[in-house]
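**Q** Protein sequence lines correspond, in order, to chains U and V.
Quick note on numbering: our numbering labels position 139 of the first sequence as 139, and the sequence is numbered without any gaps.
With positions in the second sequence counted from 1, the corresponding number in our numbering is that position plus 346.
A couple of the hints might just be wrong.
To spell it out: a stretch of chain U is covered by chain V in this simulated footprint if at least three of its residues, at any positions, have a beta carbon under 8 angstroms from a beta carbon of chain V; those stretches are [to be verified]:
1) 7-17
2) 116-129
Here are some, though not all, of the chain U residues that point toward chain V, as calculated from beta-carbon distances under 8 angstroms [to be verified]:
3) TYR25
4) VAL91
5) HIS132
6) ILE135
7) GLY149
8) LEU275
9) ILE327
Chain V side only, calculated, beta carbon under 10 angstroms to chain U, not exhaustive [as the list claims (entries may be wrong)]:
10) ALA403
11) GLY432
12) ASP434
13) GLU561
14) ALA576
15) LEU628
It should be emphasised that the hints constitute simulated quantities derived from the structure, not laboratory data.
Even for Gly, the Cβ is constructed at its ideal location relative to N, Cα and C.
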Amino acid sequence: MPQAITVTSALAVAWTAFALLVWLYGDSPLLVMKLMFEGTWGTAYGAGQVLFKATPLLCTGIAVDLALRAGLFNIGCEGQLAVASLAVAVVGARTGALPSLLALPLLLLVAAVAGGAWALVPALLRARFGAHEVIATIMMNRIADAVIGALMGAGLAVAASVRTQDIARSAHMPRLDVLVPAFRGSAASLALVLAVLLAFGSQWALRRTRVGREITLVGQNAVACAAAHIPVPRRLALALVLSGACAGLASTGTVLGYKGYYEIGLGAGAGFGGLAVALLGRSSALGLVLAALFFGTLQQGGLAINAHVPREVVDVLQGVVIIAVSIGDPRVRAMLTGLTGAEATP
Amino acid sequence: MSGSVLVTLGTETVRMTVPYACAALGGIWSEKSGVVNIALEGMLLASALGAVALEIATGSPLVGLAGAVVVGGLFGAAHAWFVRRGVDAIVSGIALNLIAMGGTRFLLRALYGSSSNSPAIPGFRGGATGSTSAIALVAETLSDPLTLLAVVALASTALALARTRLGIQLRAAGEDAAAAASLGLHVARLRLTAVTIGGAIAGIGGAALAFDQHEFQSGLSGGRGFIALAAVIVSGWRPGRAVLACAAFALLDATQIVFQGHSRASHDLVTTLPYVATLLTLAALGRRRRASG
Chain U
1 MPQAITVTSA LAVAWTAFAL LVWLYGDSPL LVMKLMFEGT WGTAYGAGQV
51 LFKATPLLCT GIAVDLALRA GLFNIGCEGQ LAVASLAVAV VGARTGALPS
101 LLALPLLLLV AAVAGGAWAL VPALLRARFG AHEVIATIMM NRIADAVIGA
151 LMGAGLAVAA SVRTQDIARS AHMPRLDVLV PAFRGSAASL ALVLAVLLAF
201 GSQWALRRTR VGREITLVGQ NAVACAAAHI PVPRRLALAL VLSGACAGLA
251 STGTVLGYKG YYEIGLGAGA GFGGLAVALL GRSSALGLVL AALFFGTLQQ
301 GGLAINAHVP REVVDVLQGV VIIAVSIGDP RVRAMLTGLT GAEATP
Chain V
347 MSGSVLVTLG TETVRMTVPY ACAALGGIWS EKSGVVNIAL EGMLLASALG
397 AVALEIATGS PLVGLAGAVV VGGLFGAAHA WFVRRGVDAI VSGIALNLIA
447 MGGTRFLLRA LYGSSSNSPA IPGFRGGATG STSAIALVAE TLSDPLTLLA
497 VVALASTALA LARTRLGIQL RAAGEDAAAA ASLGLHVARL RLTAVTIGGA
547 IAGIGGAALA FDQHEFQSGL SGGRGFIALA AVIVSGWRPG RAVLACAAFA
597 LLDATQIVFQ GHSRASHDLV TTLPYVATLL TLAALGRRRR ASG
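Same shape as in the complex, but just chain U (with noise of 0.2 angstroms):
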């Protein structure tokens, strides 16, 4: 199992990272591991946060997976997920009229179909000129920040504030402790639920159906795949918008699971952190879902030992076991040697 072996060794060095620091902070690394234990796992509260911090990575990071099996770099979650999250709450806002059944589904969809949107320029610029992704994304989350300030500044906002009105009630995402009364107060909410379900209906779409398989073996052979007849660009375009969809579901959380509005800045971060999610679950659906909660644990860990450590220690073991995790991951080195090999046959 290398891939067992990979993971392993880049958790190792992520603790060791940790420890590290802590150490050099001036504290007690087992002290503050302790800590980091009792505020995540260590009560039901805990616990549900850790499901909370975990949802959107999950989306974000079942988008990354999902371009990265076309071989593409959706750089752009930071940017889809922003776009959706304004959407959704602007959308929920407006959806008092509807029941829950009807409001909730809605607002899934114009979250994918915003994010979806979002991803669609680089999409097109791939697909049209072979623009490379990873440059048109970041161009996109940089513009979905200004174009969000400026839609904000022209009257989504509540007046001399950076937030939007609250949603509807049939808007809000029914919290997890209905069904489990211990993770009261924790932000947990239905949006884990399908957030696990798209992880496995992702990772069955990949294999099981048509459209699916095209997309990952573009991602392996596109010159083969162009050979078979497969439209290469229009499979490129879709694994980025279907992408683009998932990263823009992780607002389900944010906004209609936790605060009930959209504020500048809300889900920041979770874009990013579904790169990391993405390389260390290595398309398992399984796999996705316990990075996610690894970094969900980590992130709310942080906010436990703030007092002692500052939080930021954890944005820094992210990029750690970024790192880690991919010295040497065969299926990014595979699909580099893809991509150079389709370079050099023009």
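Guided by the hints, dock chain V onto chain U, whose structure is given.
**A** The following block gives chain V in isolation, referenced to the frame of chain U:
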């Protein structure tokens, strides 16, 4: 009156061009050697903190500048080394940005017990500029050591990449690594050198940001690394054009500051111009590639 507005606009533009230009030149060194570098943002941020921390520790802005250059260079070296070890350049770039973002906040609290900003530093110019006359303002801006250093970085980058042995070798490594290796060039070492030099130059930009603000603030780089990346792409990896693009982007910023009459919404939309220009460049490049291939 309008003359002094123009002077302010000009000096503001020069001042804001410096960090963009240094980061963009750093990016060009990296790209030319064949290593995509989206970690410019992290390099600016980390080196800005390096400049502040060393100036506070030693009291010397020169040591602070050296610190920024070293931190930038270390980030570049790390990037090249990760890529060498099989980490995708995009993945490494994102990880380094995350490490810089989290790491600078962590260090800010560790060193100065604040989550927002460091103690103030004089930088090269002691305190706020008190000068009012136009000539003094222009002279001060143009004689700023970091402005001059940016000019030197531009000239030496253009010259080194076009005319020196190292420049030609690393361009070979960037254009066709296999062919370069078959000529006996040590591709990995060339890339390490190029990305490290690039990081060091980006570090000058970080120092410029920090000295300009006279302190380090959390998230000080504020996306400037991505604007620099936009300039790198728009220029087609050409140093002179990249700095021109940076100056154009800086002029946009400066216009916003000097003419504050416009609404916030129009300001937000104007800030997207560099990014939109980049998307258009990507499309144009793709079209040209299709036409020639």
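**Q** Each of the hints needs a verdict: does it hold here or not?
**A** Hints, one by one, checked against the model:
Beta-carbon proximity to chain V at under 8 angstroms applies to 0 residues in the stretch 7-17 of chain U; the threshold of 3 is not reached and the given coverage is violated. Residue count for the stretch 116-129 of chain U with a Cβ under 8 angstroms from a Cβ of chain V: 4. That meets the three needed, and the coverage hint holds. Because the closest C-beta pair between TYR25 (chain U) and chain V is about 6 angstroms apart, less than 8 angstroms, the hint holds. A least Cβ separation of about 21 angstroms between VAL91 (chain U) and chain V goes past the 8 angstroms threshold, and the interface hint is therefore violated.
At its closest, the beta carbon of HIS132 (chain U) sits 7 angstroms from a beta carbon of chain V; the interface hint therefore holds under the 8 angstroms criterion. At about 6 angstroms, the closest approach between the beta carbon of ILE135 (chain U) and any beta carbon in chain V falls short of 8 angstroms, and the interface hint on this residue holds. Of the supplied interface hints, the one on GLY149 (chain U) holds, with its beta-carbon coming within about 4 angstroms of a beta-carbon of chain V, less than 8 angstroms. Checking LEU275 (chain U) against chain V by beta carbon gives a least distance of about 6 angstroms; that is within 8 angstroms, so the hint holds.
A least Cβ separation of about 5 angstroms between ILE327 (chain U) and chain V falls short of the 8 angstroms threshold, and the interface hint therefore holds. Here the hint on ALA403 (chain V) is broken, as its CB sits about 16 angstroms from the closest CB of chain U, past 10 angstroms. Nearest Cβ of chain U to the Cβ of GLY432 (chain V): about 5 angstroms, under the 10 angstroms cut. The hint holds. For ASP434 (chain V), the interface hint holds, the least distance from its beta-carbon to any beta-carbon of chain U being 5 angstroms, beneath 10 angstroms.
About 18 angstroms separates the beta-carbon of GLU561 (chain V) from the nearest beta-carbon of chain U, more than 10 angstroms, and the hint is not met. A distance limit of 10 angstroms between C-beta atoms decides the matter here; for ALA576 (chain V) the minimum to chain U is near 7 angstroms, and the interface restraint holds. Nearest Cβ of chain U to the Cβ of LEU628 (chain V): about 4 angstroms, under the 10 angstroms cut. The hint holds.
Hint violations for this structure: numbers 1, 4, 10, 13, all remaining hints satisfied.
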